[in-house]
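A.B. asks: In case you want the letters, here they are:
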Amino acid sequence: MLSTSTKYYVPAPSTRMFWGSIALLCLAFGAASWMNGASSGRWVVLVGFAFLLVMLVGWFSDVIAESEGGSYNHQVDIGFRWGMSWFIFSEVMFFAAFFGALFYARNLAVPWLGDIDHKLLWPDFSATWPTAGPMGEKFAPMSAGGIPAWNTAILLTSGVTLTIAHHALRANHRRSLLIWLGATVGLGALFLFLQATEYMHAYSELNLKLTSGIYGTTFFMLTGFHGFHVTLGAIMLTVMWFRCAKGHFKPDHHFGFEAVAWYWHFVDVVWLLLFVLVYYL
Amino acid sequence: MAHSTADAAVAGHAHDHHDHAHDDHAHAAPSGFMRWLTTTNHKDIGTMYLWFSLTMFFVGGVLALGIRAELFKPGLQLWHPEFFNQLTTMHGLIMVFGAIMPAFVGFANWLVPLQIGAPDMAFARMNNWSFWLLPPAATLLVVSFFVPGGATAAGWTLYAPLTTQMGPGMDLAIFALHILGASSIMGSINIVVTILNMRAPGMTLMKMPMFVWTWLITAYLLIAVMPVLAGAITMTLTDRHFGTAFFNAAGGGDPVMFQHVFWFFGHPEVYIMILPAFGIVSHVIPAFARKPLFGYSSMVYATSSIAILSFIVWAHHMFVVGMPAAGVLFFMYATVLIAVPTGVKVFNWLATMWRGSMTFETPMLFAVGFLFVFTMGGFTGLICAIAPIDLQIQDTYYVVAHFHYVLVAGSLFAMFSGAYFWLPKWTGHMYDETLGKWHFWLSIIFFNVTFFPMHFLGLAGMPRRIPDYNIQFADFNMLATIGAFGFGLSQLVFLYTVLKCIRGGEKATAQVWEGAEGLEWTLSSPPPYHSFEVPPQVK
Ligand SMILES: [Cu+2]
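Which chain is which? The protein sequence lines are A and B, in order. Counting from 1, one number per residue, gives the positions in the first sequence under the working numbering. Counting from 1, one number per residue, gives the positions in the second sequence under the working numbering.
Each hint should be verified, as a subset may be incorrect.
[Stated by the list, open to error] Pair by pair, the computed Cβ-Cβ distance ranges are: (1) B:Leu196 x A:Thr157: 28 to 36 angstroms; (2) B:Tyr333 x A:Leu120: 45 to 53 angstroms; (3) B:His241 x A:His201: 21 to 29 angstroms; (4) B:Leu196 x A:Ala144: 38 to 46 angstroms; (5) B:His241 x A:Glu205: 21 to 29 angstroms; (6) A:Leu194 x B:Ser31: 52 to 60 angstroms; (7) B:Gln511 x A:Thr6: 22 to 30 angstroms.
[Said to hold, decoys possible] Per the computed footprint, the stretches of chain A lying under chain B, defined by three or more beta-carbons under 8 angstroms from a beta-carbon of chain B, are: (8) 11 to 24; (9) 127 to 135; (10) 146 to 153.
Hints in this document: simulated from the structure, not taken from any laboratory. For glycine and all other residues, C-beta sits at the position ideal for the given N, C-alpha and C.
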């Protein structure tokens with residue numbers, strides 16, 4: 001329910017954010033010591049992660065309670081829309097850095113490694129994509145057919161089912177909303193399952209690993225960060241499903257749902273780029 | 001600084017609907033330390049940002065004095081070369097990410113809602129988190145000095161393969177930057193959304209104060225490039241620990257790739273650190289020239305052009321790294337093009353002063369000082385941008401002189417100008433004008449004593465980031481070190497003046513400066529804890 005008040009809602013003071021900062025401090029120290037060989041660091045990471053999770057769940061519960069309780073007016077709603085758009089823009093730029101690295105490696109760095117002075121260093125190295133570099137192990141690249149093609153179909157379908165769910169929400173057909181939203185979550189989970197299968201196939205049969213030179217690096221980092229975003233998106237969709245089941249959202253006021261839908265479509269578009277630039281080309 | 005405003009917090013408001021959480025907020029805000037820890041108030045958060053950045057300014061300053069002490073005489077005097085490299089690296093990281101950037105966010109927190117007539121920032125809780133992410137990040141940076149191998153010594157630009165070979169201190173720096181980046185992105189989204197969504201009725205975009213305009217564009221730059229930095233240091237992290245080959249030629253990667261990704265962030269970053277300074281100066285000069293800002297709309301367009309151009313000039317940092325001649329020419333011309341909008345700004349400020357009835361209180365002194373010294377830094381920047389010259393002066397003290405002219409005499413002097421300008425508004429007291437003037441003259445003299453000789457050192461070939469040097473550079477280095485210690489000590493005058501101003505002094509009126517214009521001067525000094533709950537009408 002949107003408030004008709006003209007007053008902009010400013011939330012009350014809270015200790016949550018401070019605990020979130022402590023959580024990140026634990027995560028950073030824990031991860032740094034873990035990565036440098038102190039295995040006890042993993043417990044610090046775990047504690048930090050648990051803290052962060054509790055903090056975020058609490059924070060989002062506050063926001064949900066405020067939203068359902070009618071604290072937000074139209075202006076606050078517009079603010080959320082702007083905020084989500086700019087957040088997605090920042091995510092676009094994060095992926096841009098990795099796509100940029102892929103472009104630079106394929107079109108500049110690897111060809112330069114094949115030039116005449118490098119021929120003296122590494123006479124057997126052929127500077128063609130895919131490559132693990134002059135010193136990398138042999139591997140077979142991932143083909144675009146099979147699982148990646150299926151995953152493309154799955155994610156595109158999930159975009160459609162999500163849109164149908166959105167239309168159902170707007171028409172206040174709650175049952176149909178739950179079915180289609182549930183289908184979207186299911187497709188997201190299926191995507192992640194297939195992605196995991198693909199990774200296992202890469203490691204066990206193709207000898208394609210994160211350490212397989214620049215091809216393995218860009219392949220796993222790009223698809224890995226994308227998979228991480230799909231995971232987040234699927235969790236967010238699941239939360240939306242439970243909120244819908246509890247009767248949250250109104251046909252004309254449901255930005256929480258729309259924000260997750262925007263995010264899901266963003267993740268979808270990133271996949272299409274991945275499919276063309278990482279798998280197909 | 002907002003200490004005396006706490007009482008104003010209890011002012012009651014009529015609510016047209018039941019709004020429980022907000023009532024609690026207005027009537028029973030936590031006090032003492034918990035107030036600062038939990039606050040969702042833009043003024044409190046702005047104050048914390050400013051104090052945090054001032055603290056980091058002194059920490060980074062002590063590191064700088066460590067560098068200058070070593071360079072007082074040729075030969076190794078005080079530190080091991082490894083530690084010297086840690087000092088230069090951490091001085092850069094702390095000043096850029098801990099002092100200058102948070103200080104401008106502090107100004108934005110205090111001023112943007114007041115200047116656009118908004119009750120607070122758009123996302124008040126996230127605003128609190130943006131600030132409270134800073135102390136943990138600073139902790140990581142400072143603690144990294146004490147881990148095995150010490151702090152990262154790869155330079156603030158974090159070039160591979162130096163960074164892929166550093167000890168655990170590097171990982172702490174990477175995580176610190178991740179956290180600072182998250183803080184910057186959240187802070188920027190908050191500022192952009194506040195500006196786009198919370199302006200008082202009637203305040204169209206082209207009626208916004210210049211400081212708000214410059215921050216709108218700065219925040220856009222931050223949201224665009226901080227994720228790219230996060231990407232770059234994530235690649236460094238995985239190269240270090242998980243066997244990826246982004247920057248490893250043996251695996252088909254390229255260390256130069258790091259430089260491209262880094263400077264795609266790094267060049268917009270320098271405008272992130274100067275555009276809000278332009279905004280501040282665009283308020284101070286009209287106030288003390290008692291004339292409206294000359295060429296307001298051209299200022300807006302110039303700021304936007306600088307922001308757009310900043311994305312296509314990054315490789316001017318890499319002329320000697322090696323790139324095709326066409327690339328060199330492109331990046332050189334694009335860089336030189338930035339002088340046009342920047343020149344528009346400088347001429348606009350001059351034209352604002354032209355035939356104004358000027359007085360030179362401390363904010364104006366710093367603004368005029370900024371104009372002189374920043375413009376010099378701009379010109380040396382142009383010189384650096386010319387590729388054939390750059391081949392000579394790359395990685396010399398000429399570059400060090402250049403970027404300290406724009407960052408210290410540019411960003412920092414503009415912030416001092418803004419601090420003196422708005423301190424009476426923030427604290428309700430006038431600062432001590434005599435001390436302010438002392439601070440200005442000491443700062444500008446010692447600044448030039450420190451950094452002007454570095455131009456000559458650089459032209460003569462003294463490399464940067466080296467703890468020892470040839471005997472021929474001794475005189476200028478000694479001079480620079482004397483200047484640096486003078487500059488450092490002069491900043492204690494600022495600290496004292498601020499503390500004195502908070503504790504008392506002549507009561508400030510709402511208007512404070514007769515020539516100042518804008519919504520913030522319509523509020524009492526200090527402004528009420530919750531201002532503009534009913535938005536003002538802007539004509
Ligand atoms: Cu640059």
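A.B. asks: Given a hinted range of 21 to 29 angstroms, is it respected by the beta-carbon distance of His241 (chain B) and Glu205 (chain A)?
C.D. replies: holds (26 angstroms)
A.B. asks: Is the hinted range of 52 to 60 angstroms satisfied by the C-beta distance from Leu194 (chain A) to Ser31 (chain B)?
C.D. replies: Given about 55 angstroms between the Cβ atoms, the range holds.
A.B. asks: Quick check: does the Cβ-Cβ distance between Gln511 (chain B) and Thr6 (chain A) fall within 22 to 30 angstroms?
C.D. replies: holds (28 angstroms)
A.B. asks: How does the coverage statement for the stretch 127 to 135 of chain A fare against chain B, requiring three or more residues with Cβ below 8 angstroms from a Cβ of that chain?
C.D. replies: With 5 residues closer than 8 angstroms to chain B, the stretch 127 to 135 of chain A meets the three-residue bar; holds.
A.B. asks: Is the listed coverage of the stretch 146 to 153 of chain A by chain B valid when you require three or more residues with a beta carbon under 8 angstroms from a beta carbon of that chain?
C.D. replies: violated (count 0)
A.B. asks: Three or more residues of the stretch 11 to 24 of chain A near chain B by CB distance under 8 angstroms?
C.D. replies: Our answer is that it holds, as 12 residues pass the Cβ test (under 8 angstroms) against chain B, meeting three.
A.B. asks: Determine whether the Cβ-Cβ distance between Tyr333 (chain B) and Leu120 (chain A) falls within the hinted range of 45 to 53 angstroms.
C.D. replies: About 36 angstroms separates the Cβ atoms of Tyr333 (chain B) and Leu120 (chain A), which means 45 to 53 angstroms is violated.
A.B. asks: Is the hinted range of 38 to 46 angstroms satisfied by the C-beta distance from Leu196 (chain B) to Ala144 (chain A)?
C.D. replies: Between Leu196 (chain B) and Ala144 (chain A), where Cβ atoms are some 41 angstroms apart, the hint holds.
A.B. asks: Taking 28 to 36 angstroms as the stated bounds, is the beta-carbon spacing between Leu196 (chain B) and Thr157 (chain A) within them?
C.D. replies: Holds, at about 35 angstroms.
A.B. asks: Using the C-beta atoms of His241 (chain B) and His201 (chain A), is the stated range 21 to 29 angstroms upheld?
C.D. replies: holds (25 angstroms)
Violated hints, listed in ascending order, are 2 and 10; each of the other numbered hints is respected by the structure.
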